[in-house]
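From just these sequences and the hints, can you work out the full model?
Sequence lines, in order, name chains L and D. Sequential numbering from 1 applies to the first sequence in this note's numbering. Sequential numbering from 1 applies to the second sequence in this note's numbering.
Misleading hints may appear alongside valid ones.
What the hints assert, rightly or not - Quick list of in silico lysine-lysine cross-link-like pairs, BS3-like style, CA-CA up to 30 Å:
#1 L:Lys343 <-> D:Lys18
#2 L:Lys370 <-> D:Lys55
#3 D:Lys18 <-> L:Lys372
#4 D:Lys109 <-> D:Lys60
#5 L:Lys372 <-> L:Lys19
Simulated from the structure, these hints should not be mistaken for lab results. Treat the numbers as computed from the prediction; the structure is a model and nothing was measured.
So you can see what is in the structure, the chains are spelled out below.
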Amino acid sequence: MRNPLSERIVDIPFSGIRKFFDIAAEMTDVISLGVGEPDFDTPWHIRDEGIYSLERGKTAYTSNAGLKELKIEIAKYLERRFQVSYDYNTEMMVTVGGSEAIDMAMRAMLDPGDEVLIPQPSYVSYVPCATLANGTPVIINLKEENEFRLTAEELEAAITPKTKLLVLPFPNNPTGAIMERKDLEAIAEVVKKHDLYVLSDEIYAELSYLEDHVTIASLPGMKERTVLINGFSKSYSMTGWRLGYACAPKIILEQMLKIHQYAIMCAPSTSQYAAVEAVRNGDHDVAAMREEYDGRRRYLMHRFQEMGLQCFEPYGAFYAFPSIQEFGITSDEFATRFLKEKKVVVVPGTAFGECGEGFLRISYAYSLDKLKVALDRMEEFVTELRAQKK
Amino acid sequence: MREKILTFIEKNSRVDLKELAIVLGVDEATVANEMAAMEEEHIICGYHTLIDWEKTSIEKVNALIEVRVTPQRGRGFDSVAERIYNYPEVNAVYLISGGYDLLVTLEGKTLREVAQFVSDKLSTLDPVLSTKTNFILKKYKDHGTIIAEPEEDERMLVTL
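Have a look at this one:
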């Protein structure tokens, strides 16, 4: 019997996060700091618009690129929040989450042999998506001493004649790192000098605590070489609605639209109607959630400091990335033992790239009460590990 | 700063000061001083606990009473409102626009106790013209909180 499977797919591993949830599923009284998903319900007025659209029978396909009304609102939002303007008609499409947009951008832009620069630690999908698109992923290892920001020097050092695309995943999952305007300006110079394109994943743009997020697309000469990806999951707590969008130069967007048209048809209409309300009237919800996360972030950092756990200050998303190098065990071993001995789920840094070794991803998308209990257990565990080491 | 403290303790008045200070990104003394000042100014009027009495064995009856009154010369509705709110069984008194003047919320052990309060004490006050008593059958939401079992965290395995 012939092998029914594509070797290219078989060679792609499952995400490293799964194992911990499988162990946790067999245990009771487990507290998780493992999920990278907002713990708020979608604000009611947004849910209500979704329900209302169903009541009115708005259940048909929308146009492939998305509901015109929604795209107009997104264009206004991007202008208002990030000072970048897109023509809703030719430079924007609504997608099934940011994930679909990442996949399509890679497939629309890459040919076999094209190298894609992927800074790590970062979201688990970039490397497999590049591979699925027949591109060649090239990893740039980010460093803690640079607060896990991508520097122009690191970028320049990784460029070869085959380099075509740079993935810019900030604010970052899992490190919580951000890129400030000055950092992006330096990156933009290198990108222009080497005639590269950028896939800027800005799904956490609204969760930036140091200063307002800057999109690289707003810098001079960058809009024409950037695919901006964003979505509703994180900022409006709409993960299950599966709604995102991509903004890109017309020439790229047209090709992405072709893939979307054949593979997906269009994003769910209910989600799109709800999203119109979100982007039109949801600024105060976003601000309230950001403030709540920011408080939890401060609490988390304070507790790390109290237990003597080294962690650079994350200014974005809802993750912290503490170092566990002092204990002399791997991230995987730390996370496994922590789960088995103290019943707390955290994710080893290696799930987000090999350079994540020696770190853990802690999500603070959990209530303060839960964080408190989990961090009490972490303090006990860290104290025990230190005692064992002596 | 005040608004942030108030928003926070309105949801959870049990939060310890140190934790609140960390969450707000200020020092503990600042939070303590602000809270003391707001207590002094009667912005913070008390620290209450939201209880679902239906889950206990304690029997309670809650009523909302619509009261029409004659306002008093020089003191409007204030004097009659004061007469009413001084009864310990009265939980709240609001001056209301619309078809009646005062909304009185009341807590008693039994229906008879509430009825007795209305007929003996409230209705017999001189300025009171009429009363209409509504009993609360079930509380679904109170003080902005949904009175139901807290839902389990339903977030599932995702690699985000």
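Next pair to validate is lysine 109 (chain D) with lysine 60 (chain D); report whether the Cα-Cα distance is within 30 Å. holds (5 Å)
When you check the alpha-carbon spacing of lysine 372 (chain L) and lysine 19 (chain L), does it fall within 30 Å? holds (24 Å)
Do the alpha carbons of lysine 18 (chain D) and lysine 372 (chain L) lie within 30 Å of each other, as the hint requires? holds (13 Å)
30 Å limit on alpha-carbon distance, applied to hinted pair lysine 370 (chain L) and lysine 55 (chain D): holds (24 Å)
Taken at face value, is the distance from the CA of lysine 18 (chain D) to the CA of lysine 343 (chain L) at most 30 Å? holds (26 Å)
In this structure, every one of the numbered hints holds.
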